[in-house]
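The whole structure should be built from the sequences, with the hints applied where relevant.
Chains as they are written, first to last, in the numbering used here: chain A, 1 to 76; chain B, 1 to 285.
For the record, the hints were derived by calculation from the structure and aren't laboratory data.
Take these hints with a grain of salt, some might be off.
Derived lysine-lysine pairs resembling DSS-like cross-links, with alpha carbons at most 30 Å apart [stated by the list, open to error]:
#1 B:Lys215 with B:Lys201
#2 B:Lys164 with B:Lys201
#3 B:Lys15 with A:Lys11
#4 A:Lys11 with B:Lys164
Stretches of chain B that chain A covers, calculated by requiring three or more beta carbons in the stretch to come under 8 Å of a beta carbon on chain A [stated by the list, open to error]:
#5 153 to 165
#6 193 to 207
Calculated from the model, a selection of chain B residues having no Cβ within reach of chain A, i.e. all distances over 10 Å [what the hints assert, rightly or not]:
#7 Pro10
#8 Ser16
#9 Leu38
#10 Gly104
#11 Arg149
#12 Ala210
#13 Asp278
Here the structure is a predicted model, which is why all the values come from computation and not from measurement.
Even glycine gets a Cβ: it sits at the ideal position worked out from N, Cα and C.
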Amino acid sequence: MERIAEWLHEKNPGLDGPIAHDEDLIEARLIDSMDFLEFIDLLEELSGSSIDLQEVTIDDFRTLGRVQERFLSAAG
Amino acid sequence: MSTRSTTALPDGGLKSPGAGLITLDPVRTALLRGLDELLTGLAARLSAPEVVGPPLLSVEGLTRLDFFRNFPHLGVSAGHFAPDALDGLAGGEAPGELPLRPTGYLLPSATCYGLLLSLEGRDVGEEGLRLSAAGRCFRNETHYDGLRRLWGFHMREVLYLGTKQGSVEHLERGAEFILEAAALLGLELTRSVADDPFYDKGGSRARLMALDPVKHEFCAPDGTAIASVNRHRNFFGERLDIRAGSEGPAYSACVAFGIERWIHAMILAHGTPEQALDRLRAARV
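Next comes the structure, spelled out in structure tokens:
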């Protein structure tokens, strides 16, 4: 999860402090739509498996908590 | 010998200057004015004051809104002839062969861009701000189709800037109004998820939009989208430093009506332009 937090801070240099696990990354545009595929690439790299965008919903990416549960729990 | 009335159009009607360009005849013009007036009812309902947006938008401003990254194909440029071409033009040379120089400005492709750019650096407060405007919008298209797809058309918008929750409510009330107006006019509309005409259909923005639609359209029975509700999240607020008081970058949303498409839908529903106008006049009483 550290890499994800780092990535979010890198993309949002104005962001102060840690990002809460239940913060809405999509509505607050911490994941900007232009960077969405880069975020998917990062998740694929971290989880070691590919993500089929036909088989996910936006809520799978909405919060750090959900991202952890949905994509990274197997990888730890 | 009969005298032609000065109000009757000559045989053959009004000529079109080219593909995607239509001169509206008196009945269609009455429909345009009447429909715009009726649809402005949304602005009245939401207490959105009427403004007139700028006739041209700066390329620099549009660049900051990612316009060219998203829609490089749509922009209709305002150009002027190069100074060294002017003597030739004045001497009768064909204008089509002479180079145009960019001015740094584009004709608007949507009404809200000009309003948003006019609010750069402003604070709309936590109560937010609504504005209503109509303007002619221009989009390069690969094909044109009567009043359904024009090179230039009238777009009325009611824009909201403020809080996240305020944006949601704005669109709920907008959607409610669209359906009420349609019922009043005898139009059957279907709501569906829509896609902006992104140039890069497989790109990041288009892919995210497919997962989390930020645009819904209201379509006539032949599939013509005549109105839409659009949420921008806090994109414009961030890019243009528009704040909503202590809430930070403003969230924004807009309700948009393509007026010529409403004319099309009215004629489709009621048979002829005259019958459509009768129906509109009855709806306004």
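The hints, checked one at a time:
1. B:Lys215 with B:Lys201: 15 Å, holds
2. B:Lys164 with B:Lys201: Within the cut-off at roughly 27 Å; holds.
3. B:Lys15 with A:Lys11: 53 Å, violated
4. A:Lys11 with B:Lys164: 21 Å, holds
5. 153 to 165: violated (count 1)
6. 193 to 207: Held - the segment 193 to 207 of chain B has 4 residues with a Cβ nearer than 8 Å to chain A, which meets the minimum of three.
7. Pro10: 52 Å, holds
8. Ser16: Given a closest Cβ separation of 38 Å, the condition holds.
9. Leu38: 33 Å, holds
10. Gly104: Label holds. Min Cβ-Cβ 24 Å, cutoff 10 Å.
11. Arg149: 26 Å, holds
12. Ala210: 7 Å, violated
13. Asp278: Given a closest Cβ separation of 45 Å, the condition holds.
Hints 3, 5, 12, counting from the list given before, are not met by this structure.
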